[in-house]
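Position 91 of the sequence shown, counted from 1, bears residue number 91 in full-length UniProt numbering, the numbering being contiguous throughout.
Be careful, since some hints might not be right.
[Claimed, not checked] Quick list of in silico lysine to any residue cross-link-like pairs, SDA-like style, CA-CA up to 25 angstroms: (1) Lys123 with Val77; (2) Lys141 with Arg9; (3) Lys123 with Gly61; (4) Lys141 with Asp38; (5) Lys123 with Pro149; (6) Lys141 with Ser2; (7) Lys123 with His140; (8) Lys141 with Val101; (9) Lys141 with His62; (10) Lys123 with Ala148.
Because the hints were derived from the structure by calculation, they are not lab data.
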Amino acid sequence: MSPRIGLRRLRPGDSEFCFRLHRRALGEYVDAVWGWDDPAQRAYHERNFDAAHTQVITVDGHDAGALTVLNGDTEVVLGLIEIDPVYQGRGIGGHVVRALVAEAVSRGQDVVLEVLAVNVRAKAFYERLGFVETGRPREHKIALRYTAP
1 MSPRIGLRRL
11 RPGDSEFCFR
21 LHRRALGEYV
31 DAVWGWDDPA
41 QRAYHERNFD
51 AAHTQVITVD
61 GHDAGALTVL
71 NGDTEVVLGL
81 IEIDPVYQGR
91 GIGGHVVRAL
101 VAEAVSRGQD
111 VVLEVLAVNV
121 RAKAFYERLG
131 FVETGRPREH
141 KIALRYTAP
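Sequences and hints are given; from them, build the entire structure.
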């Protein structure tokens, strides 16, 4: 039986959930690039958390990840997708990204994103979904694009 994957709006307390999720899902990559400093990462999160564009990914009613998407006129920016390691490897991220791409393509929009260069697993994941590397816009970052047909 396939898991029931959904998205829900943020609720009070979800910023803390998203911070803890970030530490679990991407902490090792942040640590590899800058070193993980919990107070500094928490302060960064508090300054930059985009509650207006973030949703919680649910699996069978349980909070399993977070998704930040910004819809522009010509492209969709996938700002963030993080899946709790407990839920990784089950096709959840692929399901969410494929749905996002399908929606963007139906509007004639490309999907763009950036990943940390040290996160080769994420880069390979997006490439399997049809994204192509378009450059290295900043130190430690790789830009990828899914071009609408």
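Each hint, compared with the structure:
1. Between the alpha carbons of Lys123 and Val77 the distance comes to roughly 16 angstroms, so the proposed pair stays at or under 25 angstroms and holds.
2. With a C-alpha separation of about 28 angstroms, the suggested pairing of Lys141 with Arg9 is violated against the 25 angstroms cut-off.
3. For the proposed pair Lys123 and Gly61, the alpha carbon gap of about 28 angstroms is over 25 angstroms, so the pair is violated.
4. Note on Lys141 and Asp38: the hinted pairing holds, with a Cα-Cα distance of about 21 angstroms set against a maximum of 25 angstroms.
5. Restraint check: the Cα-Cα separation between Lys123 and Pro149 comes to about 21 angstroms, which is no more than 25 angstroms; the hinted pair holds.
6. Simply put, Lys141 and Ser2 have alpha-carbon atoms about 34 angstroms apart, too far for the 25 angstroms limit, and the pair is violated.
7. Using a Cα cut-off of 25 angstroms, the hinted pair Lys123 and His140 holds, with the two alpha carbons roughly 13 angstroms apart.
8. For the hint linking Lys141 to Val101, the alpha-carbon distance of about 21 angstroms falls within 25 angstroms, and the restraint holds.
9. Restraint check: the Cα-Cα separation between Lys141 and His62 comes to about 31 angstroms, which exceeds 25 angstroms; the hinted pair is violated.
10. Among the hinted pairs, Lys123 with Ala148 is consistent with the structure: their alpha-carbon atoms are about 19 angstroms apart, no more than 25 angstroms.
Hints 2, 3, 6 and 9 from the earlier list are contradicted by this structure; the remaining hints agree with it.
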